[in-house]
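Trainee: For the sequence shown, the numbering used here gives the first residue as 1, with consecutive numbering after it.
Hints were generated in silico from the structure; no laboratory data involved.
Please note that a few of the clues may not be correct.
In the SDA-like style, the derived pairs of lysine to any residue whose C-alpha atoms are separated by at most 25 Å in a straight line are [to be verified]: (1) Lys143 with Lys62; (2) Lys62 with Pro35; (3) Lys82 with Asp123; (4) Lys75 with Phe91; (5) Lys82 with Ser124; (6) Lys143 with Gly42; (7) Lys75 with Gly42; (8) Lys143 with Leu118; (9) Lys143 with Ser124; (10) Lys143 with Leu130; (11) Lys62 with Gly42; (12) Lys62 with Thr34; (13) Lys62 with Glu32; (14) Lys82 with Val122; (15) Lys75 with Lys143; (16) Lys75 with Arg58; (17) Lys82 with Ile106; (18) Lys82 with Glu63; (19) Lys62 with Val39; (20) Lys75 with Gln87.
Computed spacing ranges between beta-carbons, pair by pair [what the hints assert, rightly or not]: (21) Ser121 with Pro37: 36 to 42 Å; (22) Gly56 with Glu77: 21 to 27 Å; (23) Val39 with His101: 34 to 40 Å; (24) Gly98 with Ser127: 17 to 23 Å; (25) Lys143 with Asp88: 33 to 39 Å; (26) Asp115 with Ser46: 40 to 46 Å; (27) Glu77 with Glu97: 29 to 35 Å; (28) Leu130 with Pro37: 39 to 45 Å; (29) Gly95 with Trp150: 15 to 21 Å; (30) Ile71 with Asp133: 19 to 25 Å.
Fair warning: this is a prediction, and the values are worked out from it, not measured in the lab.
Built from N, CA and C at the ideal position, the CB exists for glycine as well.
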Amino acid sequence: MHSSCLGARPQQIENSGNIGSSVWTMDQTMKELTPIPVVIIGNGPSAICLSYFLSGYRPYFKESSVHPNPILQRKLEANRGKSIVNQDLQFLSEGLEGRSHSPVGILFDSLLRPDADLGVSVDSVLSWRLEPDQYIPHLALGKGPLGGVWHVPTERQSHDG
């Protein structure tokens, strides 16, 4: 199993190997062990995104952006300057449609790649800001290279080759 410190600050890891035991890290002075509060199992796309978020990056509605959905545009403008994750996600998600069963997933798809399901290429309306006070120490553990399923060709790609 590979240890991928996606967003975690590089530190020495020690673990007794027992299931359910805590994961500990040596502090930078090499004098004290401290627990890692979050361990992410997996190193695929979702783990990478979670690590980025735990590293303190927060999404904001990009200045001067125009979302193709005018209702969502008005909702986003009403809270400009406030991180998307600190807003009412249920309210922002209302009325959006997509392939996911998760309203928040549909919202973020719509913000990252507006109208991508329609084959339209529109720039993301999100900007990401590092907020160091939001950093949460974490470790991601997974098999294989970072990206997980991104390295597995889709059925279409395997037939195109």
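Trainee: State for each hint whether it applies.
Mentor: Hints versus structure:
The straight-line distance between the Cα atoms of Lys143 and Lys62 is roughly 35 Å, outside the 25 Å bound, and the hint therefore fails. For the hint linking Lys62 to Pro35, the alpha-carbon distance of about 36 Å lies beyond 25 Å, and the restraint is violated. Distance hint between Lys82 and Asp123 is fulfilled; the C-alpha atoms sit about 20 Å from each other, no more than 25 Å. The hinted pair formed by Lys75 and Phe91 meets the criterion: a straight-line CA distance of about 8 Å does not exceed 25 Å.
Annotation: proposed proximity of Lys82 to Ser124 holds, straight-line Cα distance about 17 Å (limit 25 Å). Simply put, Lys143 and Gly42 have alpha-carbon atoms about 7 Å apart, close enough for the 25 Å limit, and the pair holds. With a C-alpha separation of about 34 Å, the suggested pair Lys75 and Gly42 falls outside the 25 Å cut-off, and the hint is violated. Of the pairs offered as hints, the one joining Lys143 and Leu118 is violated, with about 34 Å between alpha carbons and a cut-off of 25 Å exceeded.
Taken as a hint, the Lys143 and Ser124 pair is broken in the structure, with Cα atoms around 31 Å apart against an allowance of 25 Å. For the suggested pair Lys143 and Leu130, the alpha carbons sit about 28 Å apart, so the restraint of at most 25 Å is broken. At roughly 30 Å between alpha-carbon atoms, Lys62 and Gly42 are farther apart than 25 Å, so this suggested pair is violated. Simply put, Lys62 and Thr34 have alpha-carbon atoms about 37 Å apart, too far for the 25 Å limit, and the pair is violated.
Under the criterion of a C-alpha separation no larger than 25 Å, the hint pairing Lys62 with Glu32 is inconsistent with the structure, at around 42 Å. Proposed proximity of Lys82 and Val122 is supported: the alpha carbons are some 22 Å apart, at most 25 Å. Among the hinted pairs, Lys75 with Lys143 is inconsistent with the structure: their alpha-carbon atoms are about 41 Å apart, more than 25 Å. Between Lys75 and Arg58 the CA atoms are separated by roughly 18 Å; this keeps the pair inside 25 Å, and the hint holds.
Distance hint between Lys82 and Ile106 is fulfilled; the C-alpha atoms sit about 20 Å from each other, no more than 25 Å. With a C-alpha separation of about 12 Å, the suggested pairing of Lys82 with Glu63 holds against the 25 Å cut-off. A hinted pair counts as satisfied when its Cα atoms are at most 25 Å apart, and Lys62 with Val39 does not qualify at roughly 31 Å. Between Lys75 and Gln87 the alpha-carbon distance is near 10 Å, which keeps this suggested pair within the 25 Å criterion.
Remark: the range hint 36 to 42 Å for Ser121 to Pro37 is upheld by a beta-carbon distance near 39 Å. At about 25 Å, the CB distance of Gly56 to Glu77 agrees with the hint of 21 to 27 Å. In this structure, Val39 and His101 break the distance hint of 34 to 40 Å, their C-beta atoms being roughly 27 Å apart. Distance hint for Gly98 and Ser127: a CB-CB separation of about 22 Å, consistent with the stated range 17 to 23 Å.
Between Lys143 and Asp88 the beta carbons are some 38 Å apart, a value that agrees with the proposed interval 33 to 39 Å. Asp115 and Ser46 have their C-beta atoms about 23 Å apart, which leaves the hinted 40 to 46 Å range violated. Distance hint for Glu77 and Glu97: a CB-CB separation of about 21 Å, inconsistent with the stated range 29 to 35 Å. A hinted range of 39 to 45 Å is violated for the C-beta pair Leu130 and Pro37, which are about 19 Å apart.
At about 31 Å, the beta-carbon gap between Gly95 and Trp150 misses the expected band of 15 to 21 Å. Roughly 33 Å separates the CB atoms of Ile71 and Asp133, a value that falls outside the hinted 19 to 25 Å.
Consistency with the previously given hints fails for numbers 1, 2, 7, 8, 9, 10, 11, 12, 13, 15, 19, 23, 26, 27, 28, 29 and 30, ordered from lowest to highest.
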